[in-house]
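Engineer: Taken in order, these protein sequences are the chains called R and C. Using my numbering, you'd call the opening residue of the first sequence number 1 and step up by one each time. Using my numbering, you'd call the opening residue of the second sequence number 1 and step up by one each time.
Don't take each hint at face value.
These stretches of chain R come out as covered by chain C in the derived footprint (C-beta under 8 Å, 3 or more residues) [what the hints assert, rightly or not]:
{"#": "1", "region": "26-33"}
{"#": "2", "region": "56-66"}
{"#": "3", "region": "116-122"}
{"#": "4", "region": "138-144"}
{"#": "5", "region": "158-165"}
Worth flagging that the hints you see were computed from the coordinates, not collected in a lab. The beta carbon of each residue, even a glycine, is placed where N, CA and C say it ideally should be.
There are 2 protein chains.
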Amino acid sequence: MGRWEPGARERLVVAAVDLFTEQGYDATTVAQIAERAGVTKSTFFRHFPDKRELLVAGQETLSRLLAEGIVEAPDDASPLEAVAAGLERASSAMGSMNRDLAPRLKAAVAASAELQERDALKSVSLAAAMTTALIARGVPDTTAALAGELGVLAFKRGYAEWSEGERDGKDELAAYVLAALDELRAASASLG
Amino acid sequence: MGRWEPGARERLVVAAVDLFTEQGYDATTVAQIAERAGVTKSTFFRHFPDKRELLVAGQETLSRLLAEGIVEAPDDASPLEAVAAGLERASSAMGSMNRDLAPRLKAAVAASAELQERDALKSVSLAAAMTTALIARGVPDTTAALAGELGVLAFKRGYAEWSEGERDGKDELAAYVLAALDELRAASASLG
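Modelling step: build the complete structure from the supplied sequences, incorporating the hints.
Structural biologist: Next comes the structure, spelled out in structure tokens:
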């Protein structure tokens, strides 16, 4: 898909987030995004079905990586250790472009009810991907559902800190996400 | 709001779910829903901004009841005991009409990406309502976020069992939701 236009997908995402920031999500058209990215509308539609899907473009990749990491974790890994393996794998897909875009992306989502809904469904999908992979490992249904939710919570909290944080030594998303998972694990002891 | 038309709100919800089931969500118009419910379009818009919001009509009420139950729980209640109090309060808002509608509502949501997104945002809102109420009780941020997610998971799992289950002695939604919360609490011990 689109290999004759290297970087078109990334350019489209950057162009869209810039336009959403400048003029709002509702006022931005696919034609404007394509023009800003220097590609045709047809190229846009080879990469994304519409402007909304563009903002959750990573969902399928993240779901796949989360599931792979969980499935391939050592046999004796606990449910949360398997989730940690999935989170580490998925985090590796998010690089400096994602980090630079994150604040503008967050602002665009905050300003659009439509994008908030799509974003919420993304969380549900990621939790489901982890839960399904855990069940495939033989984890009981309820434990798997709980571990999947914890994984999403850790990913969201780690991602938020990573994208807002200082650019210090702990630069990889994975470090933030795994620290968030540890915090949640510790917190689960004080639920009562 | 609409007190001169008793039951209009409930009739609109039932009419909408019936029409979504019969002909699909996308093909159903506000005018058709109003006609089926025996009210005018103006009455529809006095109750709901659009057909999508109609399906998450209870969100604000549920959020309020969840928060009230949590805030009013005894001072010495643990975070999960406070969540249980919130869940019990919120469950009392769901009666036999909700139970009868549940299977058709579920089918309508399953058939529409738009409704799935709105439904996902509802879960996020309910979790946020619980988390905020727990923080107001002095529960640390991470523990509150985790307890809020557990509360939503318990509500969704209990609601699913309640709406699909046999009409036996355990007939109140609250009983199903609190049983689901207990299961999740037990499962959290085996996360590793």
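Engineer: Now, for every hint given, state plainly whether the structure supports it.
Structural biologist: Each hint, compared with the structure:
1. Restraint check on the region 26-33 of chain R versus chain C: 0 residues with Cβ-Cβ distances below 8 Å, three needed, restraint violated.
2. A count of 0 residues in the region 56-66 of chain R with a Cβ less than 8 Å from any Cβ of chain C is obtained; the coverage claim is therefore unmet, three being the minimum.
3. Given a C-beta distance limit of less than 8 Å, the hint that chain C covers the region 116-122 of chain R holds, as 5 residues qualify and 3 suffice.
4. Only when three residues or more bring their CB closer than 8 Å to a CB of chain C does the claim for the region 138-144 of chain R stand; here the count is 3, and the claim holds.
5. Given a C-beta distance limit of less than 8 Å, the hint that chain C covers the region 158-165 of chain R is violated, as 0 residues qualify and 3 are needed.
Hint compliance for this structure: hints 1, 2, 5 are not met, and every other hint is.
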